[in-house]
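Colleague: In order, the protein sequences belong to chains A and B.
Under the working numbering, the first residue of the first sequence carries the number 1, and numbering increases by one thereafter.
Under the working numbering, the first residue of the second sequence carries the number 1, and numbering increases by one thereafter.
These are computed hints drawn from the structure, not numbers from a lab.
C-beta: ideal position from N, C-alpha, C; glycine also.
Some hints could be false.
With a Cα cut of at most 25 angstroms, we get these calculated DSS-like pairs of lysine-lysine [unchecked claim]:
1) A:K140 x A:K129
2) B:K111 x B:K32
3) A:K239 x B:K95
4) B:K142 x A:K95
5) B:K130 x A:K95
6) A:K95 x B:K55
7) A:K142 x A:K4
8) A:K95 x B:K9
9) B:K140 x B:K130
10) A:K142 x B:K130
11) A:K120 x B:K95
12) B:K227 x B:K239
13) A:K140 x B:K95
14) B:K142 x A:K120
15) B:K227 x B:K142
16) A:K95 x A:K142
17) B:K120 x A:K142
18) A:K120 x A:K142
19) A:K120 x B:K140
20) B:K44 x B:K140
21) B:K120 x A:K140
22) A:K120 x B:K120
23) A:K95 x B:K76
24) A:K4 x A:K111
25) B:K4 x B:K95
26) A:K95 x A:K76
27) B:K55 x B:K44
28) A:K111 x A:K95
29) B:K142 x A:K130
Covered stretches of chain A (in silico footprint by chain B; criterion: 3 or more residues with CB under 8 angstroms from a CB of chain B, positions within the stretch not fixed) [to be verified]:
30) 81-94
31) 199-207
Number of protein chains: 2
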Amino acid sequence: MKNKLDLAKAWTIEAGQYIRENMHNDLEIDEKTNHTDLVTNMDKSVQDKLVSCIKKKFPEDNILAEENNLRHSIAKGNVWVIDPIDGTSNFVSQKDNFAVMIAYFENGVGKFGIILDVMKENLYWGDGKKVFRNNDELQKPKINLMHSVIGVNSYMYRTNDHGLLDYSENTLGVRILGSAGIEYTKLIEGKISGYFSNLSPWDYAAGTIILSAFDYVTEAISGGNPKYDGREKVFTVEKSNLPLVREFIN
Amino acid sequence: MKNKLDLAKAWTIEAGQYIRENMHNDLEIDEKTNHTDLVTNMDKSVQDKLVSCIKKKFPEDNILAEENNLRHSIAKGNVWVIDPIDGTSNFVSQKDNFAVMIAYFENGVGKFGIILDVMKENLYWGDGKKVFRNNDELQKPKINLMHSVIGVNSYMYRTNDHGLLDYSENTLGVRILGSAGIEYTKLIEGKISGYFSNLSPWDYAAGTIILSAFDYVTEAISGGNPKYDGREKVFTVEKSNLPLVREFIN
């Protein structure tokens, strides 16, 4: 496992270097489901690079990834979950505030997660026991729900989806950053106390594994564990705060 | 003027150092108009320090500032506009993403603006002719409204105030950062193409002066120049984009 985690960290760092070196070349930008759901040639080439590293070293392992319809279930065997560029709108319009994410599962059990804030060159990673930013071990944040801000999906916030607007009014307010990966780095650092969004498995897998070391849980808003197959409304908070959050979110 | 700008930069940098050195002491936090409108003893002591620097060196000059009801009109004489900590909710809950801002006016004409991103130690400043981040001159960002994101006030966004939600749907989406000062640094860097909020003069004065060098304008949403007396709904965009923005925002 150590070996796989070390390799995955190195591959993620290399992916970040590749993006930073090539991001100012002309991008090919395509729309997926709508005009804000973007994919670029960079998303695809970064994913291809990561998949090829994994497959070369671990040919029996499987992939669940955002692009190219690689959709192996996390439930069976060794499965790598990849988001080559999370926050593609930010990548395209800001050249900042996007992430590369890898999560690794064995028979449905999350073994490690990695989130690279590409432009800040901060690598967040953990195996469910400890949490690191680069080489520094991080401590569990001390947060107070009422005196914190939360990360939200803009649509769910403004439509009060499952009570999210009501809940937000019992905090210091909402923040919208445009990248699940970046939101998870803010959760890890204690800069937001919860994150509520409509996400795919590659958006929440790495953050969920990393934050489990701090007793944070990711739940489907409709209840229970997220299904890890397809887009779903989910949230991540510290476990002891679940009852208070669930007074509003249900 | 050069002398005043250099002094103001030095005082702002000192204020940032003071905040970073003292921010982990116990804060006294008070609510102003509601539970999310906060002021701390740090806001007050930073403002006192800045006012005292100004008054010692320029005893005839006047002050318009967030705390302690210092409300001199910018229209007459030499006026310093101060926001000691912009983004107090972020300061309290994140210890990040807040700013110190100073703007300086002579008889209603903005002479210079300064925004310090305190935790990133980035000082943005300009005299309306050139724009700098620390010692680096910045170039006017190239932006495309439809392929950019915008900074918004959460309430105005979700209530479609003056068409803001409608307008946002013609962009790549909204971002909410919780500090006008930080939003203005994102405008300066071209990471957002517009900022729409309900602001006081000390929130928009510095950013407006700095960005005038890039032909950005701040307008009252109701039309015309902001009044610089009291809270008002305003927005800042590049001048040539005004007609397109005004198709929605009015």
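Colleague: Each of the hints needs a verdict: does it hold here or not?
Modeller: Here is how each hint holds up against the structure:
no.: 1; hint: A:K140 x A:K129; result: holds (11 angstroms)
no.: 2; hint: B:K111 x B:K32; result: violated (31 angstroms)
no.: 3; hint: A:K239 x B:K95; result: holds (23 angstroms)
no.: 4; hint: B:K142 x A:K95; result: holds (12 angstroms)
no.: 5; hint: B:K130 x A:K95; result: holds (23 angstroms)
no.: 6; hint: A:K95 x B:K55; result: violated (42 angstroms)
no.: 7; hint: A:K142 x A:K4; result: violated (31 angstroms)
no.: 8; hint: A:K95 x B:K9; result: violated (28 angstroms)
no.: 9; hint: B:K140 x B:K130; result: holds (10 angstroms)
no.: 10; hint: A:K142 x B:K130; result: violated (42 angstroms)
no.: 11; hint: A:K120 x B:K95; result: holds (18 angstroms)
no.: 12; hint: B:K227 x B:K239; result: holds (19 angstroms)
no.: 13; hint: A:K140 x B:K95; result: holds (16 angstroms)
no.: 14; hint: B:K142 x A:K120; result: holds (22 angstroms)
no.: 15; hint: B:K227 x B:K142; result: violated (29 angstroms)
no.: 16; hint: A:K95 x A:K142; result: violated (31 angstroms)
no.: 17; hint: B:K120 x A:K142; result: holds (22 angstroms)
no.: 18; hint: A:K120 x A:K142; result: holds (24 angstroms)
no.: 19; hint: A:K120 x B:K140; result: holds (22 angstroms)
no.: 20; hint: B:K44 x B:K140; result: violated (35 angstroms)
no.: 21; hint: B:K120 x A:K140; result: holds (22 angstroms)
no.: 22; hint: A:K120 x B:K120; result: holds (11 angstroms)
no.: 23; hint: A:K95 x B:K76; result: violated (42 angstroms)
no.: 24; hint: A:K4 x A:K111; result: holds (10 angstroms)
no.: 25; hint: B:K4 x B:K95; result: violated (30 angstroms)
no.: 26; hint: A:K95 x A:K76; result: violated (36 angstroms)
no.: 27; hint: B:K55 x B:K44; result: holds (16 angstroms)
no.: 28; hint: A:K111 x A:K95; result: violated (31 angstroms)
no.: 29; hint: B:K142 x A:K130; result: violated (42 angstroms)
no.: 30; hint: 81-94; result: holds (count 5)
no.: 31; hint: 199-207; result: violated (count 0)
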